[in-house]
Every structure is written in structure tokens, then in C-alpha cells.
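Asker: Listed below, chain by chain, are the residues.
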Amino acid sequence: MNARFIESCHIPMGYELKPETKGSFYQSWGRRDILPERISLGIFAQKRVSQKDSKKKNEINGIYKKTEDGLYSSLNNRKIHSSIWGAEEYPEFYGYGIIDERYSIYDLLILYSGNNCSNSFEIHLFRGLGKPEYLPQAFSFLRDYLNKKPQ
Amino acid sequence: MNLDYIEISKFLNKDKLCSDYLQLNARYDGAERYSFNGCNKIEVWHKEASNQVVVKGSIPYFINGHNFYSSHKDWIEGLEYIQGCLQINIFSGLVNCFEFGTIQEIPFPESDFLRNHIKAKGMQVREYKKGNILTGKEFDSPSLKVKLYDVQRNIKNKLDKPIREDLSKAYAWDKEKHYIKLENHYKKPEAHFRGNIYLNELLSSGFQQSLKTGLLTSYNSIMKTGNSIIPCHKGDINASTIPLMILKELESIYNFNTEELIKGKLKAIPEDVFSPADRKARLRTIRDNLKKISLQGGSPYDIKELLQARIEASTNP
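So the protein lines, in turn, are chains A and B.
In our numbering, each residue's number is its place in the first sequence (first place is 1) plus 4.
In our numbering, each residue's number is its place in the second sequence (first place is 1) plus 58.
Wrong hints could be hidden among the right ones.
[To be verified] Straight-line C-alpha distance at most 30 Å; calculated DSSO-like pairs for lysine-lysine: (1) A:135 - B:99; (2) B:306 - A:153; (3) B:306 - B:349; (4) B:188 - B:216; (5) B:349 - A:152.
[Stated by the list, open to error] To give a feel for the contact side, a few chain B residues facing chain A, derived at Cβ under 8 Å: (6) 122; (7) 123; (8) 127; (9) 135; (10) 142.
[Said to hold, decoys possible] What the simulated footprint calls covered on chain B by chain A, stretch by stretch (three residues with Cβ under 8 Å from a Cβ of chain A suffice, anywhere in the stretch; the number is not a length): (11) 302 to 316; (12) 330 to 341.
The hints are simulated quantities; they were obtained by calculation from the structure and are not laboratory data.
The C-beta atom is built at its ideal place from N, Cα and C for all residues, glycine as well.
The shape of chain B in the complex, shown without the other chains:
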């Protein structure tokens, strides 16, 4: 579990930004945008009027070339290198936004996993697809965005072969297995944590622990489906049992009763189409189908126990 993308701002007051290690990319009215090369680039903005520097980017990508895993030591080394080159005390900088997350191996295909994570209370859901395949979901609120995505696809598509080989050797990454990334994107840390967050505070062990707990809380707030028990016999699954299974799984999430909804719909069909006998016959079939469906307690796609174990392992390595 580690920090990933971050945006840090720092007022320089009378000091000057050292741009010897930066490449100027663009000049705007009152601001300059530079890039700073490492394994991957990070962005450095200089706002002239306020003499403010903003450093934006993924420190794991900058220092390691990937974000599969980065240690606290990697972060400190990366930041010390940046502050040495820019000649600023970056650790006293203000954190504008940041991401904290983990990559988790899962025992089912990524798209199945994503499909069964439906919604989170008070958050808007956005889906990301590549063609017809679901590749990610975001649960968005004004100060926090919870991101779930198929990280295996990113590793295969975005990372070079030597890095993938390193991941296999160092972290046992396996191209045949399934991995997702769960991430809390703190869009407004000052609102979420009720006060400004400085980089030194963010890197403290107490804060890191609270971020781990926060990640698990975010994950638990996502409502999952997939808790219907699949009948063992082919004969018990006909064409109309499948939509009923889906409806039954969604009942508790969206607070409705499948049977009542179906009854209502049957009543809405005019009598010249459906006679009372027709309605009774349809309802009887639907009830028979509903009897074939039973639900289990939790969703098999819920990985909270895996995440819990990961938190414990990272707390007591």
C-alpha cells in the first residue's frame, strides 16, 4: 500500500527556484511549466506572481518507473533528490491532492470483479470501458474519489518489458493472474481531513496508518453484487431465471422488491393484451423461477479480507 500521484505546492518567498534540472515546456500568463526527468517525468510549475512552485506527478513512476510497489524509502529518496535539485524544502510543502492505494491480486477476472462493484453511498459512479470490456470504475464525491481499475491491463500496455521482468522477479507479478488497483484519490485533502496537510505529516507513520484504514473503509462502502447462488442443474437456469438473479442481487442495493415490481408491471399491461388468467399464469411461472434463486450472505467478489490481510502485513512486516 503506498502513495502514488501527488501535487505539492510551496511558496518560495524570497528564494529562487533552481531550474538547472528542469526543461521548460510552456510559458503561460504568469506561470511556467517545466518537466523534470527521472524514470518518468514529473511536472514542475512556477507561478511568478506568488513565487510558488507546484510539483505534480507520481513519485513511484519518477523514481522506479512503475507504481506496482514503492516503499517509504523510495519516496524519501525521490523527494530528497527533487528537493536537492530544485533547492527547496519540499517536505514543508502543502499537499494539494494525492492518491493512496494498493494493487491486489484477485481470484477472478478483473472485468467480473468490476461489474460486481455497483455503487457507493453519496458518490457518483463512472465506468471506463475499452470496447465492450469494463476496465475501471470511479466512485466520486466532492473531496474523495475511490478508483477501482484493471491494473493488469496497464502493466501489460504501459510498462516496458524490462520493467515487467523486474516486477516478476521482485514482486512475483504474473501476467497470467488477475490484479486490480484500489485507490483513494484525495481531491481536497484539506476538506477531507479538516485542515491543511503538509508533506512531512503525510509521510508520518501515524498518517500512513490512517490512510490504510481509510482505503479499507472506502472499499467497504462500495456495494457489491454476485451474492446469488448459481443452481447446480442446467434445468434450473432458464432464460428468465438469469434476469431475475440479477434483480435479486440488486434488491438490497437499490431498495426494491423484485416480486412487487414484476406484479406492478403485469398489472400495467392492458386487459385486452393480458386476461386475468394470462397474468396469473405469468406470475406463477415467475414465482417458480424466483424459488430457484437463493442468496448467500456476502458477495464472493468482496475482497475485504484480502485487503485486511495486506494492511496487517504492511503494518507488521
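One chain only, chain A, in its complex shape:
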């Protein structure tokens, strides 16, 4: 799969922490018709003691407001959810998740942050690329993309 095709599936968005909150982030840039404007970052459910869950870094959750319309607003009662997993071979990224396997949708989210998600993060959505065989290509593309991006 070449970079041009991956680029056509790529939707970048930026989120910033709402002051005086612990994990409530609001969209600051990028397309507004994809994810909810507000997303929370944090693990609120009790973590199970399993090998899989030990690799889980975080969770993102969000609900589309009544006035909002997005890519996933018809699913799961207007809620989005994804576990965020670490990617050892791509340590510059905070982690990745998939929206939403429960509905047979495989959209890959890669989270990038210059401050370990304490103030802001970028969500890089790759439509249809949330399957294991596509992950290395999406990560490599994003690595090049961010390296080329003016800082």
C-alpha cells in the first residue's frame, strides 16, 4: 500500500485539554465532522489483570452532542470508545486504538503528543486501516508525515 493511498485515508485532528479538568479534551483543529468535539482520556473502568490489559495505556471516550454529527454518530448510542495500546516499535507515538471493531469497522487512531497527552494530543485517523496487516504501514507513513511537517 503506497503513501499516496494511505494519505487519502488519513484525517488528522488536534485536541487540547480544557483548563481545570483532568482529562477532558476539546477539538482545536482538523475536520469537525468526524469525532465528538469533546473527548475524555483516562481509564475509568477497573483494569483486569491480564497480559493484554497490561499493555493498555489509556482509553478514549466521547459522546456526540445532540447538535453534532460525525462519522460514528449512528453507532453505539452516539458514543465512541477505544482502548489505546502502546506501539513498541514506534515509541514517539502515544499509542493506537481502533474504532470500532464491535461494529466491524476498522478505523485506526494513532495518538501523537509532544507532552505525553498532559495538555494536548493529535488524533490521526486512518479509515479502514485498523487491521494488523496495515498497522506498520500506517505508523511508517505517519512517522514520515510528522517528520516533514513544519514544527
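Here the structure of chain A is known, so what remains is to put chain B in place on it, guided by the hints.
Answerer: Positioned in the frame of chain A, the structure of chain B alone reads:
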């Protein structure tokens, strides 16, 4: 040599089409038309009554953004992505029509090349022009259309600069050179191959090989001109030698004899216009001119050897 445009249909029976990745473009009576974004869009139709999905478009354009070259791997990747998003087994889909062709560099201008490809037996010829310049020719029959066109013009006009730069780096495309596209458009594969063709079958190596051979056969069936030897001296080419050269080249294609046709025309001119002496004098001049013209075996515009070499290279890379 690769597949290009394709139309695949698939009956879903009790399954549902996943339209999460599709944009609805239009609703018709009993059908919906969607577009599916990649580097370039493809069309997806859903026919409600029969619960049938039809995927139409160029997979190379969808996955690569151009059709200069696409590998078998590109095709598989593109189709797997489509089937993953639509949640259908596209490989068992029926192929309604498809194109298989190649881009070939040629050592002469594209319009000269096209002008010297005249007709194919049992096929209707259609020419495409931009202003006065010939840009393409189609040789059409009920189940197969053979297309020859100036692909250099398409690359320069249709593709963005970054893609053109990629073509230069990856495939040595050169904007100063000449390229044509030769393509077999199978309008009715079931009639041409005497049976339904499914996508998995189409992608098999045996079938791909037969498509390569078919492309060469189609090209060889096109009759070419340009086989007259141009005299070396200016004095041997006067104003009436040139139309005679063209007529001599067309003789074998249209089965006529130039000299006989000219004699017939001279006889048809009334005696009060041309006396017998006038006719003799004209005929003598024409014969002298015809003597200056000689034909060589094949047309210099025939690229079958280049195509043959390309088939061999793609078979044994």
C-alpha cells in the same frame, strides 16, 4: 501489463452492504450510487431489489492515483481494502467488464503512430481528436474494444505534478518521450471467454498470461500503413507522388489496385475534356511516379516486437 478499469457485481443474498465508508451520491428508483474515496474515487452501486452490489472503477487509480503501472500486489491490496470496508467477499464477484492493457514507449510521435494504424477485421474504427491532432483510436466489436491512445497527453493533463515526479523516479517516465496505451476492453467477458468470469479467476496467473497473449493478438489484428520507402532525393517526391504513396500503402488493407483505379477514373473523364492523347500523357506521368514508389515488408510503425519483449519481461521478471 496490467488490469485497469473493472466492473464487479456481487449478490449479497441475506447479507447487508456496509456503507460506513461510502458517500451517497444519488438515489434512483431501486438503486443507490455511492462513491468510495481512495487516491481516486470508485463507484459503488447498490441495487435494492436484488441486493446486488456493483463496484466500478480503476483499481490502479484508486490505490496508486495513476494507471501507468500497477502490480498484482497493488490489485490484491486494493481489493482487500475494498472488501474489508464493504464487508463483502469481492473475490467471488462476477466480472461484468474489464480492461487489460499496457503503456508502451514508442520511437515516433503518438499521432503518427495512431495515423498509421488503420483498421481491424470485423471491427468498427472510431477516431478521437483534440483539434486537428489525433489522440486515440478504437477498434470496436460487440464483445471487445481495442483502444490505442496517446497516454502521454493524459499523463501531462490529468495527473498532478507529484504523481508525475513519482512516475519519473519509479518507472523512468520522461515527458520528452512518446508513449501510447494499448488496451483490450472486454465489454462482455462472458461472450468473449464463453462463460462467466469471476474475479478470483481473472487474477489467476494462467488467466493473466492469456490476457497478455490476447493483447498481442489484438494488436497484430490491426492493419498498419507506413510501409512505403521514402525516396532519398527531393526530385523523386513531387506533389502527385505523395497521394500515390498513401494509396499504395492502403492497397493491401482495402484490397484494391492503385493503377487500375486511376485508369478507371481517367476513362470516366469525357472525351471533350480529355482527348486519348491527354489520357495517355497523364497515365504515363502517373506510371513514372508509381515507379518511384516501393514498399517494404512491414510497417515501421508496427510495435509488435516491443510488445512481445514486454510480455516476456513481465512473464520472466
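Asker: Hints first: check each against the structure and report whether it holds.
Answerer: Results for each hint:
1. For the suggested pair residue 135 (chain A) and residue 99 (chain B), the alpha carbons sit about 22 Å apart, so the restraint of at most 30 Å is met.
2. Proximity of residue 306 (chain B) to residue 153 (chain A) is assessed by CA-CA distance (about 64 Å); at most 30 Å being required, the pair is judged violated.
3. In summary, the hint linking residue 306 (chain B) to residue 349 (chain B) is supported, as the alpha carbons are separated by about 11 Å, within the 30 Å threshold.
4. Restraint check: the Cα-Cα separation between residue 188 (chain B) and residue 216 (chain B) comes to about 15 Å, which is no more than 30 Å; the hinted pair holds.
5. About 69 Å separates the Cα atoms of residue 349 (chain B) and residue 152 (chain A), which puts this hinted pair outside 30 Å; it is violated.
6. Taken as an interface hint, residue 122 (chain B) checks out: its beta carbon lies about 6 Å from the nearest beta carbon of chain A, inside 8 Å.
7. Hint on residue 123 (chain B) holds. Least Cβ distance to chain A is approximately 5 Å, under the 8 Å limit.
8. With its C-beta approaching chain A no nearer than about 12 Å, residue 127 (chain B) sits outside the 8 Å limit, and its interface hint is violated.
9. With a cut of 8 Å, the hint placing residue 135 (chain B) at the interface with chain A holds, because the nearest CB-to-CB distance is about 5 Å.
10. A distance limit of 8 Å between C-beta atoms decides the matter here; for residue 142 (chain B) the minimum to chain A is near 6 Å, and the interface restraint holds.
11. For the region 302 to 316 of chain B, the proposed coverage by chain A is not satisfied: 0 residues have a C-beta within less than 8 Å of a C-beta in that chain, short of the threshold of three.
12. Against chain A, the region 330 to 341 of chain B contributes 0 residues with a C-beta closer than 8 Å to a partner C-beta. That does not satisfy the three-residue criterion, and the hint is violated.
Hints 2, 5, 8, 11, 12 from the earlier list are contradicted by this structure; the remaining hints agree with it.
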